[in-house]
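J.: Residues per chain, in single letters:
2 protein chains.
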Amino acid sequence: MIKHVPSLEKLVHELSRLPGIGPKSAERLGYYILRSSDEYAEQLRESLKRVKEVVHECPSCYSFTESDSLCHYCSDTSRQNDLICVVEDPADIARIDAAGVFRGRYHVLHGTISPLDGVSPEDLRIQELMEKVHKGLCEEGPKIREVILALDADLEGDTTVLYLAKALQDKDIKVTRIAHGVPIGGDINYIDQRTLGRALENRINV
Amino acid sequence: MIKHVPSLEKLVHELSRLPGIGPKSAERLGYYILRSSDEYAEQLRESLKRVKEVVHECPSCYSFTESDSLCHYCSDTSRQNDLICVVEDPADIARIDAAGVFRGRYHVLHGTISPLDGVSPEDLRIQELMEKVHKGLCEEGPKIREVILALDADLEGDTTVLYLAKALQDKDIKVTRIAHGVPIGGDINYIDQRTLGRALENRINV
Chain A
137 MIKHVPSLEK
147 LVHELSRLPG
157 IGPKSAERLG
167 YYILRSSDEY
177 AEQLRESLKR
187 VKEVVHECPS
197 CYSFTESDSL
207 CHYCSDTSRQ
217 NDLICVVEDP
227 ADIARIDAAG
237 VFRGRYHVLH
247 GTISPLDGVS
257 PEDLRIQELM
267 EKVHKGLCEE
277 GPKIREVILA
287 LDADLEGDTT
297 VLYLAKALQD
307 KDIKVTRIAH
317 GVPIGGDINY
327 IDQRTLGRAL
337 ENRINV
Chain B
137 MIKHVPSLEK
147 LVHELSRLPG
157 IGPKSAERLG
167 YYILRSSDEY
177 AEQLRESLKR
187 VKEVVHECPS
197 CYSFTESDSL
207 CHYCSDTSRQ
217 NDLICVVEDP
227 ADIARIDAAG
237 VFRGRYHVLH
247 GTISPLDGVS
257 PEDLRIQELM
267 EKVHKGLCEE
277 GPKIREVILA
287 LDADLEGDTT
297 VLYLAKALQD
307 KDIKVTRIAH
317 GVPIGGDINY
327 IDQRTLGRAL
337 ENRINV
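Note that the protein sequences, when read in sequence, are chains A and B. According to the numbering used here, the first sequence is numbered sequentially starting from 137. According to the numbering used here, the second sequence is numbered sequentially starting from 137.
Mixed in with the good hints, there may be bad ones.
Identical copies go unnamed one by one, so any copy, or any two together, can satisfy a pair.
Quick list of in silico lysine-lysine cross-link-like pairs, PhoX-like style, CA-CA up to 25 Å [stated by the list, open to error]:
| hint | residue 1 | residue 2 |
| --- | --- | --- |
| 1 | Lys188 | Lys160 |
| 2 | Lys185 | Lys146 |
| 3 | Lys307 | Lys271 |
| 4 | Lys279 | Lys307 |
| 5 | Lys279 | Lys310 |
| 6 | Lys188 | Lys139 |
| 7 | Lys307 | Lys188 |
| 8 | Lys307 | Lys268 |
| 9 | Lys302 | Lys160 |
| 10 | Lys160 | Lys271 |
Just so you know, the hints here were simulated from the structure itself, not pulled from any lab data. Quick caveat, the model's predicted, so the values are computed rather than measured.
Taking the hints into account, I'd like the entire structure generated from these sequences.
T.: So, in structure tokens, the structure goes:
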């Protein structure tokens, strides 16, 4: 509990607005910053400034980039143009890419449809995805063969998958979603029922 | 996982240096800041700057203050000068004060003796406490009647209590520590053995 030090109270207030940082954590961070070197506070300030100045969305996949034109993934000419992997967040891209299986293009929605949180399809980059697909069909852009939906396996992810599947159904494009099932190395004894149910439903021929 | 966006990686690195913020949390905070308004980042930057500029230690109790002379507590002339409550952190002061029982002066050690973490008595404001006591004895400052040690009931707190008790033992000053025992409203059934043991040892006449 800090009292009678307005600037520290203000810093703690600003820190407590961050996600997952409660008043107690914010206070601890505030004290840490106060006790740390001036260089640390200055570096934190500088990186806050720089990230806001130079990072913006890629005009093609809407991931984050510092580049003036396309991002790292969109400017890679060795990737397939006819495959689009739709993800929720920019952070998902590097993780999917590290799997080494997908070499197509990405498209970031920046969230999933969530009526409870007031997130409707208009708040996401769904219109931009439809335009990309439409341009391919009109031969104004690369023809898209398949849209892979790599969204979380939660209620919002499922809602978004259903919405996109419906929006793309009469477009002569294959729409798929990544498989949900038992993780590699996972013990069936420790997997929850819903995952196991999904793994059984989506069984594949061997 | 963020890749190919150096400024975002740098911000995440700086955030992950904060206590209790791991790489994953830092990434989440970085994304949040990137998506939040420019005003928020600016306010956070401004409060970081201001806290480093205006907050310093009070020259008497070593708590944090923005005042050019003494802090809020030290400049209060209605408080008793012959009682000093020794605390670990500036945050402890407001909490102890809110109890409404103590109306003396405070002294912040800025930590406790912890050989394992490399914190020795010289790293704390112990020398300053001894000088304060000494000045009272030489009649150069207010005479100190009692030093109350309000330190945590952990290994480091106990070590510091023993160290201070020894340092002050031949100074003709009463040295006390706050009582540790069953919290008010606490159920004896749910109190750990060490606390209950301490509560029994330190039983008082009724």
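J.: Evaluate each hint against the coordinates.
T.: Hints and how they fare:
no.	hint	result
1	Lys188 x Lys160	between (27 Å within a copy, 20 Å between copies)
2	Lys185 x Lys146	both (19 Å within a copy, 11 Å between copies)
3	Lys307 x Lys271	within (11 Å within a copy, 87 Å between copies)
4	Lys279 x Lys307	within (12 Å within a copy, 88 Å between copies)
5	Lys279 x Lys310	within (12 Å within a copy, 86 Å between copies)
6	Lys188 x Lys139	between (32 Å within a copy, 17 Å between copies)
7	Lys307 x Lys188	neither (38 Å within a copy, 58 Å between copies)
8	Lys307 x Lys268	within (12 Å within a copy, 82 Å between copies)
9	Lys302 x Lys160	neither (46 Å within a copy, 34 Å between copies)
10	Lys160 x Lys271	neither (51 Å within a copy, 37 Å between copies)
In summary, the numbered hints that this structure violates are 7, 9 and 10.
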